[in-house]
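Peer 1: Residue-level listing of the chains:
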Amino acid sequence: MGNFTDFFAVASSNNLIESISGICDGRTVEGISSSYTLENVTGGQTTNDSYADIIGSSITYVPPTDTKYVHYEYIFKFDPTSRSGISHFRLYVDGSEVTAAYRQLSSSDGYTTSYAYGTMQGRMDFVFDLTASSDDIPNGKFSNWTTGKTIKMKARRYSSSYTSSMNTNTWMDGTGASGDGVWTYPLLTVTAYS
Amino acid sequence: MGNLSDIFPVAAGNNVLEIISGTCDGRTITVPSGNYTLQSVTAATDLSTSYVDIPGSSITYTPPSDAKYVSYRFNFKWDSKGSSGISHFRLYVDSTEIIPAYSHFASQYKGAHTSQHGSFSNTMEYVFDLTVASDDIAQGKFANWASAKTIKVTGREYSSTYQAAANANTYEDGTSASGNEVFTKPVLTVIAYS
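Taken in order, these protein sequences are the chains called A and B.
In terms of our numbering, the first sequence opens at residue 950 and continues consecutively.
In terms of our numbering, the second sequence opens at residue 3 and continues consecutively.
Same shape as in the complex, but just chain A (with noise of 0.2 Å):
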């Protein structure tokens, strides 16, 4: 016999609809009307001196029915391997860049350009309007996201002399990374809410 509410649906007690989260391991997450496969990260990802999609970034996510706004937020290390590593970020839907989500993540310039030790977390965070009457991409707002659209994020670096990776760590214990501490899982969560 099923649940009593498998038949007489229950309403929402608060205006989450569904969290989508987990590390970027290949694992399947399920939601309430779909299932989601986040991207399998399994070492670091250098910048160059062009875009490149930031792998673990993507997601192609239905929003449940009655959702007003999704949350997209993407948290990985970054790691400035020569100088500040100055990089940049660019947040994309169906291949659509929100430009209103651009950042630079950077450390500080060391004393010599070898002095790259700086090194944080990264995070991408935006919240998408789907309440908006016309489309708007580059400001993150829809009209009618009814169907599945790919969030993903693009990364490259300022220059070849201020290089950057992502999910890696440089030190360990003390002395250089090794093993499995030479990179981290970045982790990602997509939230509806009506």
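Treat the hints as calculated values from the structure; they're not laboratory data.
What you are looking at is a predicted structure, and each value in this text was computed from that prediction instead of being measured.
Ideal Cβ placement from N, Cα and C applies to all residues, glycine included.
It is possible that part of the hints are untrue.
Unchecked claim - Across the chosen pairs, the derived CB separations fall in these ranges:
| # | chain 1 | residue 1 | chain 2 | residue 2 | range |
| --- | --- | --- | --- | --- | --- |
| 1 | A | Gly1128 | B | Thr177 | 34 to 42 Å |
| 2 | A | Ser1127 | B | Val54 | 44 to 52 Å |
| 3 | B | Pro102 | A | Glu979 | 37 to 45 Å |
| 4 | A | Pro1013 | B | Pro34 | 13 to 21 Å |
| 5 | B | Asp96 | A | Thr1048 | 45 to 53 Å |
| 6 | A | Thr995 | B | Pro66 | 46 to 54 Å |
| 7 | A | Ser982 | B | Pro66 | 21 to 29 Å |
| 8 | A | Gly1128 | B | Thr152 | 47 to 55 Å |
| 9 | A | Asp1129 | B | Pro102 | 47 to 55 Å |
| 10 | B | Thr177 | A | Gly1125 | 31 to 39 Å |
| 11 | B | Ser196 | A | Asp998 | 45 to 53 Å |
| 12 | B | Val54 | A | Ser984 | 22 to 30 Å |
| 13 | A | Ser983 | B | Asp137 | 41 to 49 Å |
On the provided structure of chain A, position chain B as indicated by the hints.
Peer 2: Quick look at chain B alone, frame taken from chain A:
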């Protein structure tokens, strides 16, 4: 046919009462306790040697009647504009500072007051306790938060030598940032828990 729980209420399935979460672009968010319009951030804010309100951080909030805890989280881009950019951030409820929430942000000093490249994703975060018998607002404890209170973040730089900005980017695509990329809209999230 409506939901059965429209007639026979059910207990909440979790202790989240409501979540206000949005990119600070002037949007109005409706939750069980009311409508909340986030500030519209349209530029970076250079700090000075006196405290100023950080745009996007302010919300005038009335928790639901059965709220026991209110989580406040303000995610914003921090950008050094001079030397290491030492800067100071304080959290207020109405006109009272929440002292334990104080944070200073800075990048590394390189040994000269130049090449101020530090640029991070930063967070001001605090969970207010609404279960106490008497107010201790400086510690974020409230006995009777039943009407609207304004929560906000203020910030200043250490001195005119150590300059910083909120919601700012200095670089873009291998050169100086320009256009909309000179700033990043922050994200504000308020969660009420029972």
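Peer 1: Take the hints in turn and mark each one as holding or not.
Peer 2: Hints, verified against the model:
Between glycine 1128 of chain A and threonine 177 of chain B the beta carbon distance is about 38 Å. The supplied range of 34 to 42 Å therefore holds. Checked against the given bound of 44 to 52 Å, the beta carbons of serine 1127 of chain A and valine 54 of chain B, roughly 46 Å apart, stay inside it. A beta carbon spacing of about 38 Å between proline 102 of chain B and glutamate 979 of chain A agrees with the range 37 to 45 Å that was offered as a hint. Between proline 1013 of chain A and proline 34 of chain B the beta carbons are some 18 Å apart, a value that agrees with the proposed interval 13 to 21 Å.
Our hint of 45 to 53 Å for aspartate 96 of chain B and threonine 1048 of chain A is violated, since their Cβ atoms are close to 35 Å apart. Checked against the hint of 46 to 54 Å, the C-beta distance between threonine 995 of chain A and proline 66 of chain B comes to roughly 47 Å, which is consistent with it. A C-beta distance of roughly 27 Å is found between serine 982 of chain A and proline 66 of chain B, which places it inside the suggested range of 21 to 29 Å. Separation of glycine 1128 of chain A from threonine 152 of chain B is about 50 Å and conforms to the stated range, judged on CB atoms against 47 to 55 Å.
Between aspartate 1129 of chain A and proline 102 of chain B the Cβ separation comes to about 36 Å, which falls outside the hinted range of 47 to 55 Å. Remark: the range hint 31 to 39 Å for threonine 177 of chain B to glycine 1125 of chain A is upheld by a beta-carbon distance near 33 Å. As the Cβ distance of serine 196 of chain B to aspartate 998 of chain A is approximately 51 Å, the hint placing it in 45 to 53 Å holds. With their beta carbons about 46 Å apart, valine 54 of chain B and serine 984 of chain A fall outside the hinted range of 22 to 30 Å.
For serine 983 of chain A and aspartate 137 of chain B, the Cβ-Cβ distance of about 45 Å falls inside the hinted range of 41 to 49 Å, so the restraint holds.
Of the numbered hints listed earlier, those contradicted by the structure are 5, 9, 12.
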